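Protein chains: 4
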Amino acid sequence: MQQKVRFQHCDPAGIVFYPRYFEMISATVEEWFEERIGVPFATLHGERGGAVPTASLKIDFHAPSRLGDALEFRLRPLRIGRSSVALSIEARCGGERRLSMESTLVFTNGRAGKPNTWPGDIRARISREIGGAVSDDA
Amino acid sequence: MQQKVRFQHCDPAGIVFYPRYFEMISATVEEWFEERIGVPFATLHGERGGAVPTASLKIDFHAPSRLGDALEFRLRPLRIGRSSVALSIEARCGGERRLSMESTLVFTNGRAGKPNTWPGDIRARISREIGGAVSDDA
Amino acid sequence: MQQKVRFQHCDPAGIVFYPRYFEMISATVEEWFEERIGVPFATLHGERGGAVPTASLKIDFHAPSRLGDALEFRLRPLRIGRSSVALSIEARCGGERRLSMESTLVFTNGRAGKPNTWPGDIRARISREIGGAVSDDA
Amino acid sequence: MQQKVRFQHCDPAGIVFYPRYFEMISATVEEWFEERIGVPFATLHGERGGAVPTASLKIDFHAPSRLGDALEFRLRPLRIGRSSVALSIEARCGGERRLSMESTLVFTNGRAGKPNTWPGDIRARISREIGGAVSDDA
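Going down the list, the sequences are from chains A, B, C and D.
All residue numbers for the first sequence refer to our numbering, where the first residue is 1 and numbers rise by one.
All residue numbers for the second sequence refer to our numbering, where the first residue is 1 and numbers rise by one.
All residue numbers for the third sequence refer to our numbering, where the first residue is 1 and numbers rise by one.
All residue numbers for the fourth sequence refer to our numbering, where the first residue is 1 and numbers rise by one.
So here's chain A without its partners, still in its complex pose (with noise of 0.2 Å):
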């Protein structure tokens, strides 16, 4: 997913103010699900009454980003768990890589916001993209 830095993005330093990052993060998610898994998620937090919350995150910021850069962001699924999906994710600008990141997504539903087995198809899916993920690698 291309994602352009815009001046809404860039502090005073003129580089690209790190909370940004997690905006343009949560959109490349956001994007992967109605892409690749099948789930808008209009859908997903509407008819199917869930949400999918980051439960934790490491992240790097290797080099800075200034208004105008392209960025490419990349997501690749890494292992699925009961609830929970880890996923990579990193941003590239031309060859320089500008951030990478591992975090690690739950599925809950319902007010209580516990985590939840995913539904079937979810997890059909989400396990196809980490195989696609592993022949994509080997």
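Any given hint could turn out to be false.
Treat identical chains as interchangeable: a pair holds within one or across any two.
[Stated by the list, open to error] DSS-like mimics (lysine-lysine), calculated; alpha carbons at most 27 Å apart, straight line:
id, residue 1, residue 2
1, Lys58, Lys114
2, Lys114, Lys4
3, Lys4, Lys58
In short, the hints are calculated from the structure, not lab data.
Computed from a predicted model, the values in this text were never measured in an experiment.
Please build the complex by placing chains B, C and D on the supplied structure of chain A, with the hints as guidance.
Chains B, C and D in isolation, oriented as in the chain A frame:
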């Protein structure tokens, strides 16, 4: 530092959208530099010509926060390097831990955004805070 | 309501990026509902099942605000309708006026998001505040 | 300019939180400067040393937007002054108008943030766009 969960922090699931936590965390770091290190960000970024971008972080979200929650953010400096500082930040609501993070900030100065040796006065104050933090724990 | 201009509010030109002002204004309205009208947003959006979206606004930015500025936001209710309220909000720093806005909020309730008649207790309190505001001016 | 309503734009009521609209509007203005006026913001704020802060605006929110909505933003320049430009911006989803705004931007340059005469090339291109807009209507 006390921060209230406002409407603008919450997502359609009614809980804090995690990128907004990083805005609260950024405000906590800013306040720490002003109150404990004696260098307001306006001075740091203005006449001192510096910046303290985040180089890496690791965060666990233990429980969701909701509209109206009063969060208590605590920052503890862990280690200082030639041009970096490691911080530990926790947010609690009442007795409950909501998030815990460890991050590394680097001091940069000039347009290139390269890490630079800490100015002597800032290094001395951060070191004193680390000493203090250690004694607080001892 | 006092709000400090933080790093997260500023753009590459070193001044407040105007969409961030609306986050400060939103916090001002939220605080007014809690402190003066006696209905915290958590209650309004929770057990009362309502919302107060902004229907229209008109704003003038008189002078830029910079990192570290302490802004003083003042809210004055102007008029109440069947399902709306008109507010006047100003922000100043020291003696200088930074922005002045007039906005209209509507009370809605239910998923449809249609304007609804104000609940009696909320209407009574807003009317009292308008009365107070008028007498303050008289 | 097409923009999708994402999770990060929505509030606990499930609709776009109005300050987030201004981020979409800011992106629309930025894209217009790049595509139609031929001055990317990176150039405007960088080598040209300028900025185009918003001096005032008036906006009506006609209907709420929800997660997943594809919004179409249209910008039409209305009038150019010595150092200002008046813009009209509308967002629609399908046939429905969601918001309409009129704003005035000023050209500034240098730290003082004072309005400055438009550079000749930018004035010429904006004027041509206004001419074009007028003929479109005629």
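Exercise. When no copy is named, should Lys114 and Lys4 be tagged within, between, both, or neither for a Cα gap of at most 27 Å?
Worked result: between (35 Å within a copy, 23 Å between copies)
Problem set entry | Intra- versus inter-copy proximity for Lys114 and Lys58 (alpha-carbon distance at most 27 Å) | For Lys58 and Lys114, both the intra-copy (22 Å) and inter-copy (22 Å) Cα distances are at most 27 Å.
For this session: Check Lys4 against Lys58 for me: Cα-Cα at most 27 Å, and say if that holds within a copy, between copies, both or neither.
Result: both (23 Å within a copy, 25 Å between copies)
In summary, the structure agrees with every hint in the numbered list given earlier.
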